[in-house]
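If you want the building blocks of each chain, they are given just below.
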Amino acid sequence: MLSITARNLASALRGSLVGTSSRVAAVRCLHGTEESAEEFDKRYEKYFSRDGIDGWEIRKGMNDLLGMDLVPSPKIIEAGLRATRRVNDIALAIRWLEGCKDKCGDQKATLYPYLLEKITPTLQELGIPTIEELGYDKPELALKSVYDA
Amino acid sequence: MSALRLIPRGNAGGNLSQMMGLSQMGRRLASGGDGIRLMVGEREVVGYGINGRPIYFDSQDCPFPAIRYREVTPELCAIREKELGDWKKLSLDDKKRLYRHSFCQTFVEFQHFTPEWKICLGVALWLVALGLSISMVLKTKMYGQLPDTFDEDRRSAQLRRMIQLQMNPITGISSKWCYEENKWKSQLH
Chain V
0 MLSITARNLA SALRGSLVGT SSRVAAVRCL HGTEESAEEF DKRYEKYFSR
50 DGIDGWEIRK GMNDLLGMDL VPSPKIIEAG LRATRRVNDI ALAIRWLEGC
100 KDKCGDQKAT LYPYLLEKIT PTLQELGIPT IEELGYDKPE LALKSVYDA
Chain D
0 MSALRLIPRG NAGGNLSQMM GLSQMGRRLA SGGDGIRLMV GEREVVGYGI
50 NGRPIYFDSQ DCPFPAIRYR EVTPELCAIR EKELGDWKKL SLDDKKRLYR
100 HSFCQTFVEF QHFTPEWKIC LGVALWLVAL GLSISMVLKT KMYGQLPDTF
150 DEDRRSAQLR RMIQLQMNPI TGISSKWCYE ENKWKSQLH
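Protein sequence lines, in the order shown, are assigned to chains V and D. Under numbering that gives the first Met the number 0, the first sequence has 79 at position 80, and the numbering climbs by one with no breaks. Under numbering that gives the first Met the number 0, the second sequence has 2 at position 3, and the numbering climbs by one with no breaks.
FYI, nobody ran anything at the bench for these hints, they're computed from the structure. Model, not experiment: these values are computed from the prediction. Cβ atoms here follow ideal geometry from the backbone N, Cα and C, with glycine treated the same way.
Listed below are the simulated DSS-like cross-link pairs for lysine-lysine, each with C-alpha atoms no more than 27 Å apart in a straight line: (1) V/107 - V/74; (2) V/45 - D/87; (3) V/117 - V/74; (4) D/87 - V/74.
Covered, in the sense of this in silico footprint (three residues per stretch, anywhere, with C-beta under 8 Å from a C-beta of chain V), are these stretches of chain D: (5) 40-52; (6) 61-75; (7) 101-109.
Please work from the sequences and hints to get the whole structure.
Rendered as structure tokens:
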């Protein structure tokens, strides 16, 4: 019993150590060098367009991007949409569009039409409806109060 | 607005002994003892969420929660089958249903202004009223008279003594007293 546990533990440790060393190197490389906007875009585009990306990683990338102080560039948005197509999750695509629209903040009037214009070909190609087509630019349903349930 | 909303467990049937069977007890312990894994029910865990726990809530800071909002049903599986194909063939209604399966509220819905401020203000004013009434009761019923040293003549005697002892002669009270004229310096001219 103990030997089995020890072996499992050893293999688990080995896996994690080997895994982290390359990751640590990747993080360390970022120290000291300023990443330009183009590099940033390219990095996330690459992240989303990787083969075999799964819903977990897509959500992670999108959560991270929407947590940053920026509006994702149309290239990244398109890459994200294509990634959701590959994992067959249209809900994710719609939520991603909503999140990107929300990131425009108080510049929605100028930025959002620009983004939409850039990503419209992809939307049409994949058959993803815009937020306006869904009617999600206005509140659709009201939540029932938890005290009435 | 983005209050953490725990989802009640789907199947309410079954008595307590069934609910707390051995395997479920194990799952409860594995999830840290608060039973969040039990509340998730049949919902898919699809991501990391905000802290790695399978909880659902809507917020713009973390728009992709760890679990889907609804449990899987046969009707939904049928739409899922269609979702595997061309999305152009999905009807708008199907798209909306898929969205509402994964998420509870859209961005504009959970960002919509709610009249919640009324209850917040109301409770705050109630607490202020309670505090005021308590202090009034204490003042009238519990505390006795102020000590003798608060009388006017005793306080002026105290002041006189402070001046005689030349307390704080540089910038304080004695610096403002003229000892030749026995007057406040401000009264001299």
